[in-house]
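Novice: Protein chains in written order, with our numbering: chain A, 2 to 305; chain B, 24 to 561.
The hints are simulated quantities; they were obtained by calculation from the structure and are not laboratory data.
Heads up, a few of these hints could be off.
[To be verified] So these bits of chain B aren't anywhere near chain A, every CB distance computed over 12 Å:
1) G161
2) S162
3) G168
4) L254
5) R281
6) V323
7) H324
8) G344
9) R351
10) T374
[To be verified] With beta-carbon atoms standing in for the labels, derived distance ranges:
11) A155(B) - S231(A): 24 to 32 Å
12) T242(A) - V379(B): 40 to 48 Å
13) S57(A) - A155(B): 33 to 41 Å
14) E281(A) - A455(B): 53 to 61 Å
15) L158(B) - D290(A): 26 to 34 Å
[To be verified] If you only want the chain A side, here are some residues facing chain B, beta carbon under 7 Å, derived:
16) R33
17) S34
18) T36
19) S37
Glycine included, every Cβ here is placed at the ideal spot set by N, Cα and C.
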Amino acid sequence: MTRPPAPLLLLAALSLTASCVSDTSPDTDDLRSVTSFRQWHREPRLDARITLSNGSLHILPGRHDELYRVTSEYTGTSVPVAVYFPERGSLSLTKREGGNESSADTTENYSIRFGGHHKASPTTTLALSPAPDVALQLDLVSAQTDVELGGLRVSSLGVNTALAERTTINFARPNPIACDEVVVTSGIGELSLQGLGNSRCRKATVTSVAGGVVLDYSGRDSSDSSASTSLQATIIAGTLTLRVPRSIGVRLTRRNRLLAGDAPKGLLRNGDAFVSSGYEHAAQRLDADVTAMLGSVAVEWINE
Amino acid sequence: MKDRDTDGMTDDELDRALASLSYPRPRADFADRVMARVALPAPLAVRQPARVPVRRSLVPAAIWAAAVIGPLVASVVVALQHWTVATALVGGLTAIAGQWTLTGIKTFLFAAMLRPVASLLHGFAISPAALAAVLALGSLGYLSGLLALRRLMTVPGRHVMHIYAKLGAVLFVILAHATLAPSPALAQDTVDTSTASTSTTDTSTADESETEESEADDTAFVDLSNLRTPLVFERRLRRITQAATPDFATAVHNGATRLGAVKVAPGESLGNNLLVVRGNVDVFGKVAGNLVTLDGNITVHPGGAVGGDIIAFNGTVSNEGDISGSVRSFGPAPTPTPAPVEEKPSTFGMTGQRLVNTIGMFLTLMALGIAFVQLARPRLEITADTAAHSFVRSLLVGGVGLILVLPTFAIMVVGLIVSIVGILLLPFAATAYLILLGVAIGGGLVAVAHSLGEAYTRRQVARGAATSPNSYRSIALGLGALALPCLIGALFAWVPVVGPLLRAVAFLIIGTALTVGFGAMLLSRGGKSTTFADWSAP
Chain A
2 MTRPPAPLLL LAALSLTASC VSDTSPDTDD LRSVTSFRQW HREPRLDARI TLSNGSLHIL
62 PGRHDELYRV TSEYTGTSVP VAVYFPERGS LSLTKREGGN ESSADTTENY SIRFGGHHKA
122 SPTTTLALSP APDVALQLDL VSAQTDVELG GLRVSSLGVN TALAERTTIN FARPNPIACD
182 EVVVTSGIGE LSLQGLGNSR CRKATVTSVA GGVVLDYSGR DSSDSSASTS LQATIIAGTL
242 TLRVPRSIGV RLTRRNRLLA GDAPKGLLRN GDAFVSSGYE HAAQRLDADV TAMLGSVAVE
302 WINE
Chain B
24 MKDRDTDGMT DDELDRALAS LSYPRPRADF ADRVMARVAL PAPLAVRQPA RVPVRRSLVP
84 AAIWAAAVIG PLVASVVVAL QHWTVATALV GGLTAIAGQW TLTGIKTFLF AAMLRPVASL
144 LHGFAISPAA LAAVLALGSL GYLSGLLALR RLMTVPGRHV MHIYAKLGAV LFVILAHATL
204 APSPALAQDT VDTSTASTST TDTSTADESE TEESEADDTA FVDLSNLRTP LVFERRLRRI
264 TQAATPDFAT AVHNGATRLG AVKVAPGESL GNNLLVVRGN VDVFGKVAGN LVTLDGNITV
324 HPGGAVGGDI IAFNGTVSNE GDISGSVRSF GPAPTPTPAP VEEKPSTFGM TGQRLVNTIG
384 MFLTLMALGI AFVQLARPRL EITADTAAHS FVRSLLVGGV GLILVLPTFA IMVVGLIVSI
444 VGILLLPFAA TAYLILLGVA IGGGLVAVAH SLGEAYTRRQ VARGAATSPN SYRSIALGLG
504 ALALPCLIGA LFAWVPVVGP LLRAVAFLII GTALTVGFGA MLLSRGGKST TFADWSAP
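All chains, please: the whole structure from these sequences, using the hints.
Specialist: Here is the structure:
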């Protein structure tokens, strides 16, 4: 057997040392379960701001009589931060946690904040009551997130993902109330919003840096059959995919700054815009205004 | 027999001929004029400043090239012969580098997004005016730094000295004011106390913050009206209950304590907070305050009510009644696994390790110095002279320069990203920047060592010692001088008080040398300009 030469042995030793140094794999033995909930006392609305650095996060509709229920696992020495402001928050906690100080002082504000940074990869589940109006803000660094908002009364939705590899948000059932706006900022991961037709959000603002964003407009807004939805998107170096039911008329205005893809499939050029056939007579419309730097925009048609 | 020279003159004849010559009578300023045209080397000088780069022969260059290229070629040949192993190693190292890069980015983003800075950023995001103000202030600070650096890197005139004097006076006044003025920390303490007293009354606030760990944990009591920091609460409570005869009357404030299972019967009403240790609680009636259990479950039955918060440590909570406050339940605490007993290295071993580390570091610097002498000796000497003759200026320039290093890097990165096309150049530009920075700092440190060693050699020459002055010797001597405090610090690091003190002194010396070297590098424009090297014009 040939003995490896000295330089290679040295390289092997260096790589082994480096891999040992960089090994920060979590030890799941020291995780501790923590459950936190609050009974619903007919609070009219809930302002939920979720900030998570890693691990996996699941958000789903919960019990009607519980405003929220957070179930998580954290290390015994690391402490989750979950602060609830029933009427007005503690000023010091609000400052420390970066909450909205002005709104926290108002008696009508209700909010949940929790987050943390841990070596271990905890699993966190947040169940929200379908009773109050929910304003949901997700700030995710690298957490893997699955959100099911079907049946919740979502008044607004904000999503920021930095390095999160995969984020999925779904409206499986129609939103009982009208949603003001969906604001999405995607970093380098994959972000998918499904069932936006059920969300009843009239406006969506999307910024994608280098990841892929999928906006699925399936679902029905039964409250207004002639609803029109607008989309404002800025794609720097990623991809934007619009999955649209054929019953929806699409008008796409695309501004190409540098290198961008070809004309979206199924759309015809009409002046400065691309328009789907039958746009003028469609009961529901999607008006998309997309600015693409190096990114591309694609349209996929789905049958419902 | 008389000696005759080749012209046939005897010695006597020669003497007479010489005596007949007229005696030279130089003018009075003859000596001055002669001496004015004579250049005597300075008695302490050991080298002439190399104003013109010395033309080196090809032999050392060839040796150096062979020393560099030879191993590279050999490495390539060996790698080709063991291609599988080499590719696996390169792949592994690349993956590790990528992992570290990703970790760095994540850490940066986490620090920037999720820490208290997040509230600041959020405030900026919703307030363009604040963002503009901060950007303007930041730009102003950066430009001020650049202007200060530019001013420091030019030859000072008399008016500049006046500015320095004024600046010194202003600084003195500010320092005097800061020293004499009442400490703002005292005022802050007052505010914090009032805030704390206010928030203590707010029992609806749930959970805890990460600063909980910093709270005093050795208190011998728990307060049932304050559940803001549950883990601290639990630690204190377990410490109290572990006593042979727990004295709950004095250890538990603002509430009652029960040992074992508790049932609050229908119609029964407890007006205070309640702590239950090692037992379940069934609430059919009413508990007006907070309810806490240690190693027990809580059940609020239909018709039951709890007016405050609920916490179950190592227990569960189920609710079919009415709970006004927040509910938290903590599962069993993780069993502390005994940490593997690591054999603590002996004092001797640790000292040896520190010494080896220090020696290794300075040997590396010596190798760097040899490379500088071989490749850029004139520049090294100019930098060394700049550090020696403009020490304070080099220190100031180095300090300001080190402060501006990071903002400059950030501006470069942001500029390249904003330009979109520049994104492609980002890895190369960042790498080049870091390499240049490393060369400037490392080269500056070597230049300072060169300067130190040369100064010592000059003194030796002045005392008549026979030495062979050269750059290698100077660098070795200088690095030895710099290494000495580090070695002493490493040697006595195990001594309480004195050890850390010695290491702090060594750190200060190395830090100063590094700053001066970096400043000298900047002042001499990488060893090209002799403006601050005090080289007199020919």
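Novice: If a hint holds in the structure, say so; if it does not, say that too.
Specialist: Going down the list of hints, with the structure as the test:
| no. | hint | verdict |
| --- | --- | --- |
| 1 | G161 | holds (20 Å) |
| 2 | S162 | holds (24 Å) |
| 3 | G168 | holds (29 Å) |
| 4 | L254 | violated (6 Å) |
| 5 | R281 | holds (23 Å) |
| 6 | V323 | violated (9 Å) |
| 7 | H324 | holds (14 Å) |
| 8 | G344 | violated (9 Å) |
| 9 | R351 | violated (5 Å) |
| 10 | T374 | holds (23 Å) |
| 11 | A155(B) - S231(A): 24 to 32 Å | holds (28 Å) |
| 12 | T242(A) - V379(B): 40 to 48 Å | violated (58 Å) |
| 13 | S57(A) - A155(B): 33 to 41 Å | holds (39 Å) |
| 14 | E281(A) - A455(B): 53 to 61 Å | holds (56 Å) |
| 15 | L158(B) - D290(A): 26 to 34 Å | holds (28 Å) |
| 16 | R33 | holds (5 Å) |
| 17 | S34 | holds (4 Å) |
| 18 | T36 | holds (5 Å) |
| 19 | S37 | holds (5 Å) |
Hints 4, 6, 8, 9 and 12, counting from the list given before, are not met by this structure.
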